[in-house]
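Q: One line per chain: the protein sequences are A and B, in this order. Counting from 1, one number per residue, gives the positions in the first sequence under the numbering used here. Counting from 1, one number per residue, gives the positions in the second sequence under the numbering used here.
What the hints contain is simulated information worked out from the structure, not anything from laboratory work. Any given hint could be a false lead.
When the alpha-carbon atoms are kept at most 25 Å apart in a straight line, the in silico SDA-like pairs for lysine to any residue are as follows [to be verified]:
#	chain 1	residue 1	chain 2	residue 2
1	B	Lys99	A	Arg657
2	B	Lys99	A	Leu651
3	A	Lys170	A	Phe142
4	B	Lys99	B	Val68
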Amino acid sequence: MIALIPLFPFLGFLINAVAGRRLPKRVSGGLACAAMIAAFGASIAATWTMLGEPGPVRAVEQVLYTWIAVGDLQIPLAFRVDPLGSVMILVVTGIGSLIHIYSTAYMHEETDAEYARYFSYLNLFAAFMLVLVLGTTFPVLFVGWEGVGLCSYLLIGFWYRKRSATDAGKKAFVVNRIGDFAFLLGMLLLWTAFGTLDFQEIAGQVAPMPPEAGFGVIAVATLLLFIGATGKSAQIPLYTWLPDAMEGPTPVSALIHAATMVTAGVYMIGRNAELFAHAPDTLLIVAIVGAATALMAGTIGLVQNDIKRVLAYSTVSQLGYMFLAMGMGAYAAGIFHLYTHAFFKALLFLGSGAVIHALAGEQDIRHMGGLKRELPVTYWTFVVGAVAIAGVPPLAGFFSKDEILWRTFAAGHWVLWTVASVTALLTALYMFRLVFLTFHGARRAPAAPPAHGHLHDAPAAMAVALIVLAAGSVVAGFVGVPAALGGGNRIEHYLEPSFTAHGAPAPEGEADSAEAHLRQGYGGQAFAQGSGGEALTHADAAGHGDDHVAVERTLMLVSTVVALVGIGLAWFFFIRRPGAADAVAARAAPLHRLLLNKYWVDELYDAAIVHPIRRLSERVLWRQVDAGLIDGAVNGAGAIVAGGSAVLRRLQTGSVRAYAASLLLGAVAIAGYFVWRFAQVGG
Amino acid sequence: MITLNHYLVLSAVLFTIGTAGVFLRRNFITVLLSVEIMLNAVNLTFIAAARQFATVDGQIIVLFVVTVAAAEAAVGLALVIALFRHRETLNPGAFTSLKW
Chain A
1 MIALIPLFPF LGFLINAVAG RRLPKRVSGG LACAAMIAAF GASIAATWTM LGEPGPVRAV
61 EQVLYTWIAV GDLQIPLAFR VDPLGSVMIL VVTGIGSLIH IYSTAYMHEE TDAEYARYFS
121 YLNLFAAFML VLVLGTTFPV LFVGWEGVGL CSYLLIGFWY RKRSATDAGK KAFVVNRIGD
181 FAFLLGMLLL WTAFGTLDFQ EIAGQVAPMP PEAGFGVIAV ATLLLFIGAT GKSAQIPLYT
241 WLPDAMEGPT PVSALIHAAT MVTAGVYMIG RNAELFAHAP DTLLIVAIVG AATALMAGTI
301 GLVQNDIKRV LAYSTVSQLG YMFLAMGMGA YAAGIFHLYT HAFFKALLFL GSGAVIHALA
361 GEQDIRHMGG LKRELPVTYW TFVVGAVAIA GVPPLAGFFS KDEILWRTFA AGHWVLWTVA
421 SVTALLTALY MFRLVFLTFH GARRAPAAPP AHGHLHDAPA AMAVALIVLA AGSVVAGFVG
481 VPAALGGGNR IEHYLEPSFT AHGAPAPEGE ADSAEAHLRQ GYGGQAFAQG SGGEALTHAD
541 AAGHGDDHVA VERTLMLVST VVALVGIGLA WFFFIRRPGA ADAVAARAAP LHRLLLNKYW
601 VDELYDAAIV HPIRRLSERV LWRQVDAGLI DGAVNGAGAI VAGGSAVLRR LQTGSVRAYA
661 ASLLLGAVAI AGYFVWRFAQ VGG
Chain B
1 MITLNHYLVL SAVLFTIGTA GVFLRRNFIT VLLSVEIMLN AVNLTFIAAA RQFATVDGQI
61 IVLFVVTVAA AEAAVGLALV IALFRHRETL NPGAFTSLKW
């Protein structure tokens with residue numbers, strides 16, 4: 001039954017890919033949506049079955065067949081739904097379905113063939129993502145991992161007649177490949193170290209070991225896996241493809257940024273939590289990279305003028321949060337943020353798509369403004385998304401982001417906590433800059449008249465997706481209300497079994513799985529203040545919780561204030577004193593230029609990596625190796641044959657008698673040879 | 001007493017005459033005749049050997065050779081007629097255009 005989940009979208013892909021150009025849009029689009037909704041239904045059914053399993057380790061597994069069998073290496077093609085997997089498949093298929101439905105309206109101006117091509121890619125994307133999150137072994141995950149990379153290339157470069165779109169597609173593919181290479185190396189290293197590539201078996205073998213001090217094999221392997229994750233999930237140093245991915249159709253951006261693809265890296269770390277927990281150095285690097293990415297992308301997002309680009313940097317920034325959580329060992333918090341982020345980021349992207357749709361392709365927020373009245377549905381849903389991502393209680397973003405901040409603080413990493421809090425401020429600021437510039441104030445310079453004479457709000461299919469996602473952005477966080485606010489943080493308890501090794505000896509007995517999880521999952525005294533932090537995180541269990549609850553509540557208050565201050569700043573700069581932002585930008589011109597040019601990272605990569613490789617390729621590989629060596633060898637072979645035949649063709653005289661003479665001579669020579677042989681043997 | 005050797009010597013002489021004819025005559029028809037002499041020289045060897053070893057194998061092969069020779073003569077003469085119509089000559093040295 002689990003196999004049906006990726007199978008539905010894959011079938012949708014096959015049908016649309018083969019017959020799509022002859023199908024009307026209603027059929028091809030409807031088929032794709034039906035495939036996704038069917039997968040969503042199957043996901044719910046699978047989750048339901050999984051919940052019916054006896055605890056504490058609840059999982060449903062389906063082995064299809066042995067995919068690879070070479071010596072000791074046995075890789076079954078097997079799918080498993082466990083708590084972590086169930087969250088992922090529900091997000092992928094649920095949000096994915098909404099994006100499909102939205103796309104039926106958004107892509108309506110394409111021709112039938114293009115429309116079908118679009119939906120076939122979209123379905124394939126979802127299918128690969130589902131394989132990625134359902135696979136029980138690294139190779140199966142890797143199939144999905146590469147598959148989503150391929151689909152991102154296809155979809156980002158969907159409008160392939162546009163040069164910038166194909167360039168962006170290539171960039172996404174190449175940058176991802178760099179990460180994938182490291183991922184592959186990490187996988188091979190794990191195979192040599194553990195002799196298996198099954199997630200559970202690796203976790204089981206790792207669990208009894210002490211956390212690795214220094215850089216041993218686990219640290220190196222996890223670091224390589226993490227480099228793979230930085231490519232897929234757009235972290236420093238491989239994040240540059242994601243902002244460029246905005247060249248694709250907007251629903252694709254939503255799909256890549258919210259439901260699929262970029263969450264793969266976070267998921268991968270969560271899936272191998274036990275392994276990463278035994279490499280505290282790697283975890284610290286993960287946390288630092290995550291925090292640095294969050295801050296860097298947040299600052300860039302502050303000054304960008306393309307509506308989708310701001311959201312892209314916002315995604316990079318939020319992914320940084322998730323990695324920060326993973327690095328802190330707060331895997332559940334990271335996945336929780338992934339889940340809430342999927343709602344509001346999909347909502348924001350689809351909202352921006354509705355704006356772009358209404359303005360016939362205009363993406364520059366400097367040319368927008370005052371759209372509030374004309375696009376009420378888009379406006380209100382967009383505001384809900386912005387409030388959610390800014391972290392204002394009680395919307396979804398608040399709970400997940402606050403959980404990450406709290407866990408960072410509790411682990412004693414106050415530098416990272418400060419960075420993350422500043423990023424929270426930036427998040428609120430740039431999101432509301434976007435809201436105010438796009439929807440409020442007066443309309444600035446209508447660049448092109450809208451397609452249908454006047455502005456029109458999102459059509460029904462788009463509005464439905466927006467409203468459902470807005471509702472989700474409001475309520476999705478309630479599954480993770482922390483204990484300090486009287487909630488049970490249910491999602492954390494739900495996810496916890498996925499982060500530990502199943503069947504590993506639990507020293508305290510089965511009863512207190514949280515305790516065992518702490519010991520195994522967080523790597524003991526991995527962090528300097530680890531023991532204090534652990535006690536803090538499970539304050540109630542530790543028994544002396546009141547102080548910590550007070551601290552946690554204070555921190556919540558702080559982050560709420562931070563979010564509101566961010567919104568207030570945005571209001572001040574872009575509503576109250578519209579000129580003030582420009583004045584600040586002029587005052588800090590070098591800084592503004594630095595941010596506007598995205599820290600010149602693209603230029604740096606161009607100069608440091610792309611240009612040297614191109615020069616090497618052109619001067620040495622092309623002119624010397626290819627034109628000289630390889631062409632020389634090929635042409636030389638031809639020249640030898642030509643020269644040889646110039647001599648040999650003289651033998652062909654055309655005279656029958658000469659041929660007969662050579663025949664006779666040959667026959668005499670053979671006969672002579674046998675006579676001579678006979679004489680030898682006889683004599 | 002005529003022994004096997006007599007037949008073999010006669011056969012060798014006939015074969016040599018035929019070969020010389022193939023190479024030396026300047027008319028395709030006589031070249032064809034020379035080829036027939038060569039074939040019959042070989043036939044003689046087969047018959048003599050069959051007689052000597054008291055088997056019929058040689059005679060059977062000779063029957064085949066005669067059949068093939070008949071076919072060859074038919075095809076060869078047809079070619080000769082076609083060549084003559086084309087060039088008004090039957091000198092083998094005149095037909096050397098099939099080359100590089």
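Q: Hint by hint, say whether it matches the structure.
A: Each hint, compared with the structure:
no.: 1; hint: B/Lys99 with A/Arg657; in the structure: 13 Å, holds
no.: 2; hint: B/Lys99 with A/Leu651; in the structure: 9 Å, holds
no.: 3; hint: A/Lys170 with A/Phe142; in the structure: 20 Å, holds
no.: 4; hint: B/Lys99 with B/Val68; in the structure: 29 Å, violated
Comparing the model with each numbered hint stated earlier shows that hint 4 is the single one that does not hold.
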